[in-house]
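Novice: Throw the hints in and build the complete structure from the sequences for me.
2 protein chains.
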Amino acid sequence: MLIQGSTISHNYLQSFKTAVSELLLRKPGLAVVLVGNDPASAIYVDRKIKACEVVGVLSFKRSLPENISEKDLLLEIQKLNNDPLVDGILVQLPLPPHIDSNKVISFIDPNKDVDGFHPLNMGKLLIGDTSGFVPCTPLGIKLLLEETLGNINGKHVVIIGRSIVVGKPLAALLMQREANLNCTVTVINRFSQNLKEITREADILIPAVGKPNFVTSDMVKEGATVIDVGINRIEDPQAKKGYRIVGDVDFTNVHPICEHITPVPGGVGPMTIAMLIHNTLKGFHLHNK
Amino acid sequence: MLIQGSTISHNYLQSFKTAVSELLLRKPGLAVVLVGNDPASAIYVDRKIKACEVVGVLSFKRSLPENISEKDLLLEIQKLNNDPLVDGILVQLPLPPHIDSNKVISFIDPNKDVDGFHPLNMGKLLIGDTSGFVPCTPLGIKLLLEETLGNINGKHVVIIGRSIVVGKPLAALLMQREANLNCTVTVINRFSQNLKEITREADILIPAVGKPNFVTSDMVKEGATVIDVGINRIEDPQAKKGYRIVGDVDFTNVHPICEHITPVPGGVGPMTIAMLIHNTLKGFHLHNK
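As they're listed, the protein sequences go chains L and H.
Using our numbering, you'd call the opening residue of the first sequence number 1 and step up by one each time.
Using our numbering, you'd call the opening residue of the second sequence number 1 and step up by one each time.
Be a bit skeptical, because a hint or two may be false.
Covered stretches of chain H (chain L as the covering partner; in silico rule of three or more C-beta atoms under 8 Å from a C-beta of chain L) [unchecked claim]:
1) 136 to 145
2) 152 to 160
Not close to chain L: a few residues of chain H, all C-beta gaps over 12 Å, as computed [unchecked claim]:
3) S15
4) L120
5) D129
6) S131
7) T184
8) D236
9) N253
10) L281
No lab work stands behind these hints: they were computed from the structure.
A quick note: this is a predicted structure, and the numbers were derived from the prediction, not measured.
Using N, Cα and C, we set each Cβ at its ideal position, and we do this for glycine too.
Specialist: Quick look at the structure:
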């Protein structure tokens, strides 16, 4: 059964739209900072701003030149930290190599850190303090699992990849002491021995590696749920643009084995954007308490 | 083969003693805050203060009454935060039920948080930023594994328990991208299904549950390394005190199967104390940069 991320995301956005329409004093505001001219980053930023428009959240786009100094970027963030109309600040990654991303992320006001990458929010997530922001992709995956499987208490989740954006916060989230979570969580990396033996133990398998066809059918247990976080561009002469987007899973051969699987595109991606709006509304309520 | 935590800890303390003896301007200082009269807490605090004495670190013990208000406790911590002679602040847990432990921990200056439980330090640990403090027991386990096994790259570590003190930070630590780490990490909890199947996959099994004989021989793979974090008091009429201390492992039956195993007492416990001194020295160097 295909997990319809697009539909689930659409439903969330509709409920956010209703919630925003009922706000009387002011609308929530999201600042999106884009440094340089990376075409993929530009597309992601446009999607995020479009989601704001759909829901009625104000968006403030700051396009900054590729060669901006780290100091000037920090000054821009300082302004957004101090701006009372800004509830969330998102700095689109990756940043140019001359800028220290960790320094920039740590400089964002933790109460406006809607990406959830600030170490204070990462720490709150790990210890189970729900006052912080949870990174958008992990949060979206949690909700996809809830919608699809209901209770995942005690299930074995195997996450392939340990990035700051997905693997690490997702592991922290799914192991929490919470009625619908309490998962056994395994995190695999490129050095892991006996990879297939471990992935075949998974009730829920979540690859986030960025390699097309990385997950083959012999790595998946019959009846497992597969959440494909990969977004990879592969050449396709028959496609209009000359390429198409695929995930990390050999979908054709894995699909028949699974109980549930996310498509790419249309699975995790749309949920990530819906959760950015969720976090912006959370920021709004934090600042209006 | 028994992993001699006491000996390894002793060697670390000796090297710290040498390092401290070479400091000219002032000695590092550790403040230990004890609230109430719990006998176990008093014993732990005494051990920590004794380790300071052995190494030449100054210790400042603050014994506060069981019925101290949260506000007054925070004021005491504020004083220690501002005291230039204090490099580390440790609040002995558990605190009385009328005090919010998380609030107290979050109030400690993160640069003096030698227990590493402040969310900022937990977050740094998760994202791989080594500027923060790593909690003492996980750090001690990492060093025991290094001393015993050398390279554990790609090994499968199974952690039983997900406390803030051990399970969660240990998982975060062992999954990091670091030459001698890069472990596959699984975290198990009381809801985990197929518990034995998962623990039998472990190259390194680390129970931290607080239940005597929880890990039985049928849960352990032949040739595994077992790090027993449990500290449990069981009745023993033949012992002088009427009780003795055991870990979480059925040592008699598990011992013959393992390649390496820590004894209790004399395994993880002494390493925890040595790492508290390590973190205090790290705090000292942070404040003298």
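Novice: Now tell me if each hint is right for this structure.
Specialist: Here is how each hint holds up against the structure:
For the segment 136 to 145 of chain H, the stated coverage by chain L is violated: 0 residues have a C-beta nearer than 8 Å to a C-beta of that chain, whereas at least 3 were required. Coverage of the segment 152 to 160 of chain H by chain L holds in this model, with 4 residues showing a Cβ closer than 8 Å to a Cβ of that chain against a need of three. Distance to chain L confirms S15/H as a non-interface residue, since its nearest Cβ pair spans about 30 Å, more than 12 Å. Not every CB of chain L is more than 12 Å from the CB of L120/H (nearest about 5 Å), against its label as outside the interface.
With a least CB separation of 6 Å from chain L, D129/H falls inside the 12 Å interface cut-off, contrary to its annotation. A beta-carbon of chain L is positioned within 12 Å of the beta-carbon of S131/H; the least distance is around 9 Å. Listed as a non-interface residue, T184/H fails to keep its Cβ farther than 12 Å from every Cβ of chain L; the least gap is roughly 4 Å. No Cβ of chain L comes within 12 Å of the Cβ of D236/H; the nearest lies about 33 Å off, and the non-interface call holds.
Remark: the non-interface label on N253/H is consistent with the geometry, its nearest Cβ contact in chain L lying 25 Å away (cut-off 12 Å). No Cβ of chain L comes within 12 Å of the Cβ of L281/H; the nearest lies about 22 Å off, and the non-interface call holds.
Checked against the numbered hints given earlier, this structure breaks hints 1, 4, 5, 6 and 7; the rest are met.
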